[in-house]
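Modelling step: build the complete structure from the supplied sequences, incorporating the hints.
Residue numbers (my numbering): 146 to 764.
Please note that the accuracy of each hint is not assured.
Listed below are the simulated DSBU-like cross-link pairs for lysine-lysine, each with C-alpha atoms no more than 35 angstroms apart in a straight line [claimed, not checked]:
id, residue 1, residue 2
1, LYS652, LYS291
2, LYS442, LYS471
3, LYS597, LYS442
4, LYS555, LYS534
5, LYS713, LYS442
6, LYS420, LYS597
7, LYS534, LYS442
8, LYS597, LYS534
9, LYS471, LYS652
Because the hints were derived from the structure by calculation, they are not lab data. Only a predicted model underlies this, so the values are computations on that prediction, with no experimental measurement involved.
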Amino acid sequence: MQLFTRSRQLPDPAGSGADPDDGPAGATDHPAEPAEPSKPAEPSKPAEPSVKPPADPEPTLLSRWRRRHPRAARGVTVGTTVLAGALLLFALLVPNRVERFSPGAFLRIPAEGVLLATLLLALPPRPRRITAAVSGVLLGLITVLKIVDMGFHQVLARPFDLVLDWILFDDAAEFVRESFGRGGQVLAVIGVIVLFTALLVLMTLAAVRITDLMVRHRRTAARTTVVLGVVWITCVTLGVRITGVPLATKGTAEMLGNRVEQVRAGLEDARVFEKQAAVDAFAATPPDQLFTGLRGKDVLFTFIESYGRVAIDDPAMAEPIDAALKEGTGTLKAAGFESRSGWLRSPVTGAGSWLAHSTFLSGLWIKNQQRYRSLTTSDRMTLTNYFRKTGDWRTVGIVPGVRRAWPEGKYFGLDHIYDSEHLGYQGPYFSWTPVPDQFTMEAFERLEHGRKDRQPIMAEIILASSHNPWSPNARMIDWDDLGDGSVFHGIKKEGTDPAEVWQDPEKVRTEYRKSIEYSLRSLTEWMERYGDEDTVLVFLGDHQPVPTVTAGDTGKDVPITIVARDEKVLDRVADWNWTDGLKPAPDAPIWGMDEFRDRFMTAYGPRGGKPGGASGATG
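Here's what the structure looks like:
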């Protein structure tokens, strides 16, 4: 109901509008003018509301650009949507191994994508949006896992272990720092963090965007999903392939299923290892019954980094490596030494030298970091521990690759450890390698082997010159010119650039082969120069090199050789059927690296080389 007000015109009391004091009421000097008729009042306006409606928002720069360039804006929208879809397909289809990258790998129908689309279309709005965001995060994490797998396959020839491999990232960062400096390490870590964050964010945004698109075109999306599902089932049934790759795939689901099993096995492995470590055939052997066949001898267990079977068998490397081994065999024979060679199977490939070293010394299969930690915190006896237990050997470690605290060194029973800072080396690093092998062997001679009036030595020597990236390489020089190692500054300048070498796999393989030749010559020349009747050298590879060098070979065999001048030493292992010389025959025996400890202790025990020898041999 609207209210109207009407104004009333009141007559002047004097009739003329004069002041009342001028005379009595109604008195006037002039006749009164007729009053004007009153006008009806205009209707009043409705009352304004107390709160004003919000003003139109100020257009943003982006919205103004869209209004001015509608065609370009539509192109950006379509392009962003296409990129979002491509990113999701990439996450579902990308393989976790570099060598499996091919156009055919991305021309497939992922079962996981079809099922996820079906679920999103069936959910109510709020759960659908939450599911889309969570799915994006999960796809981002899966993509990160696949990328990490690529790196592990390239270095270790196996996928990343979700339970046991986290500590290896610290080792990887340290390797980058030692190879490319602190700046390179910082850039690498920043790059990894940025990539990880970007993948999670972009994958989540992509999942939400594609979900919104499907909801806006629900009917078309539902029909497409049904068609893709039928095609997937048909392709699986008929085994349809494109360029040798199945058109229908559930690779991501299978990968995740394998990881679940891997996690379960990793958790179970600790209990299995504990039982294995409790068995030691020599635990009760009296000290005077240990290594009776080696009394008075200097025994050197020497590891050549990445010296794998590929160096001997690969046609591209076989000829020069064969020449180096024949030359070494001849040189040693001329100096009165004989040698026998066979094969061991390492628990690792590509990297993880400490796992191989501990397997060889402990007689247990140390295949992961969890086992290594359990071993080095246990009372399990190693070869070095048993030598020390006799009281007849001084046990030393020559470990030029160690350049920081190494608390595990105490576990291995070494009386003294010489790391990279205590060998007297004043020369340059060769990429990762802190000390060239020739200088390492000369330092061992100066610090331990060449000392007068000493007791026999048992030494663990870990040579590092053949460590990845194999560029630049050191080269042999006259032993008398080694000095404090400063001479290697000039030799490093003559070497190759690792950044250039690693652009070409063939160059990598060439530099790897040269590094192995250098390590072999460092050992054989040292033995010829300083070895005597009481020197026993056992040298072996710790693992195969990275897949870039092995070219797809997944074998884990490494060569092992025993060198001695005393015939009785080699007679003890005559029943091993190893090959004469430094090069093992292709059909020479192959043992697990964990078998060596007990076989060696049996051969050089009181009944070694005799039928029914001491217990402890593992078959």
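Results of checking the hints against the structure:
A threshold of 35 angstroms between alpha carbons decides the hint, and for LYS652 with LYS291 the separation of about 28 angstroms falls inside it, so the pair holds. For the given pair, LYS442 sits about 26 angstroms from LYS471 by alpha-carbon distance, which is consistent with the 35 angstroms threshold. Using a Cα cut-off of 35 angstroms, the hinted pair LYS597 and LYS442 holds, with the two alpha carbons roughly 15 angstroms apart. Distance hint between LYS555 and LYS534 is fulfilled; the C-alpha atoms sit about 14 angstroms from each other, no more than 35 angstroms.
As the CA atoms of LYS713 and LYS442 are separated by approximately 12 angstroms, the hinted pair is consistent with the 35 angstroms bound. For the hint linking LYS420 to LYS597, the alpha-carbon distance of about 45 angstroms lies beyond 35 angstroms, and the restraint is violated. For a cut-off of 35 angstroms, the pair hint linking LYS534 to LYS442 stands: about 16 angstroms separates their Cα positions. About 23 angstroms separates the Cα atoms of LYS597 and LYS534, which keeps this hinted pair within 35 angstroms; it holds.
Between the alpha carbons of LYS471 and LYS652 the distance comes to roughly 24 angstroms, so the proposed pair stays at or under 35 angstroms and holds.
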